[in-house]
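Enquirer: Between the sequences and the hints, there should be enough to build the whole structure, so can you do that?
If you use the numbering used here, the sequence shown corresponds to residues 405 to 797, in order.
There could be a bad hint or two in this list.
With a Cα cut of at most 25 Å, we get these calculated SDA-like pairs of lysine to any residue [said to hold, decoys possible]:
#1 Lys-520 to Lys-577
#2 Lys-754 to Lys-679
#3 Lys-703 to Asp-750
#4 Lys-742 to Lys-796
#5 Lys-703 to Ser-775
#6 Lys-679 to Arg-711
#7 Lys-715 to Glu-738
#8 Lys-487 to Tyr-535
#9 Lys-587 to Leu-565
#10 Lys-701 to Gly-690
#11 Lys-754 to Glu-788
#12 Lys-520 to Lys-778
#13 Lys-747 to Glu-639
#14 Lys-753 to Arg-768
#15 Lys-664 to Asp-561
#16 Lys-796 to Thr-709
#17 Lys-577 to Ser-592
#18 Lys-703 to Lys-633
The set of hints was computed from the structure by calculation and includes no laboratory data. Just so you know, these numbers come straight off a predicted model, no measurement behind them.
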Amino acid sequence: MNARKFIKTIPMKLYLILLAVILFAFFSNDFGLVDVQKTAVILAAGIDKTEDGYTLTSQIAVPKGSDRTTGGTSSVEIETEGKTVSDCITMLYAKTGWVPKLVFCNLLLIGEETAKENVFGGLDYFLRSDYMSDSCYLAVCEGTAKELLSSQSAVDDASSLAITKLFSDAAVKSGKVMPNTLKDFSMSYYGVSKSGYLPYVRMADQEGAQESGGNESSGGSGGQDKSQKIYSADETAVFQDGKMAALLGSDETLAFSLLKGEVFAGTFNAMDEDKVITLTVLENSGGISLETKETPKVKLALNLTVRMCCKGTSTPIDDLSSDEVSEQTLRSAEQILKGYVQKLWDTCKKSGCDLFELKRDLYRSSMQKFSELKDRIPIDISAEIEAKVRTKS
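Expert: See below:
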């Protein structure tokens, strides 16, 4: 009753003012809607260094239609040049009349030669932009970023969409891909380790496939057929001081992923007597630690639970229901994984890349030890490697 009395005593003018405020807020906001006729919705951007500055290849979304047969997302690639990446973005507006919108950009590609210089000269604009998501995927590609972004994917409407699918959670759990984001890569660079990693993307022709009207590049080939491509990212580029210092192969990438403890349902090969078999990872934990007493060394430990996945030969029907792994095969798996980890550490030592951010951990725990060892990690540090592989009981 008291509440009703209070409401009745509120002046009508206050209701009118409140209504005016609500209407103003409603009609003055676009609610995140994008006018595709006036806006360049950038799905991905490729950065290539030139003698005079940068070339930026922007992949812009272009709706194909609204009905069921023509729906989807096509794309057009616009190439711009400038002294800085900001100049390239400005030239994009000048060339097309479209206002560049980076909020939907989910992939930044860096050409291989560009990656051999300090990549943060090209990333600086994106780090400063308030409209760029710092969760955007970052990757290095074989050749130039322009070539890869302008290619026609065999599995999706736009090349960038096909590439980002390689970085899915399922791919990470397989241990075959090590994706990274603009935020995490930048944090590693600006930290005391000044090291980092990015997935390395390659493309290959999809045999027997030709373009059927999906991607329409700005430098298009008219009515000519264009071969479709498939992409892979099972290698990893490692960086020191912002420059690509080495390339990890697929085996080293798997070892890196296992050490980080991210693998579930991934597979790897081992030996059963003289035959190659495939094992599935059911449980995975990894350990990385730095010992500073007496002779400094790093401890790299793997602990896996596996099951039989494929023997690659015909087996008795009674054996098909069993997923147990013999002791001989388990020991073989341990030796193979130790070899992968040793190769990974050797690459880190040779390139000087503190991939496991040991300097950062030492800096946080002991400034005195950090001052003593910062110039020796990882170049002058040996590794003690341990691998334990067991089968599910």
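Enquirer: Now, for every hint given, state plainly whether the structure supports it.
Expert: Here is how each hint holds up against the structure:
no.	hint	in the structure
1	Lys-520 to Lys-577	violated, 29 Å
2	Lys-754 to Lys-679	violated, 33 Å
3	Lys-703 to Asp-750	holds, 14 Å
4	Lys-742 to Lys-796	holds, 21 Å
5	Lys-703 to Ser-775	holds, 21 Å
6	Lys-679 to Arg-711	holds, 16 Å
7	Lys-715 to Glu-738	holds, 18 Å
8	Lys-487 to Tyr-535	holds, 21 Å
9	Lys-587 to Leu-565	holds, 20 Å
10	Lys-701 to Gly-690	holds, 17 Å
11	Lys-754 to Glu-788	holds, 17 Å
12	Lys-520 to Lys-778	holds, 23 Å
13	Lys-747 to Glu-639	holds, 14 Å
14	Lys-753 to Arg-768	holds, 22 Å
15	Lys-664 to Asp-561	violated, 33 Å
16	Lys-796 to Thr-709	holds, 6 Å
17	Lys-577 to Ser-592	holds, 22 Å
18	Lys-703 to Lys-633	violated, 41 Å
Taken one by one, the earlier hints fail for this structure at numbers 1, 2, 15 and 18, listed in ascending order.
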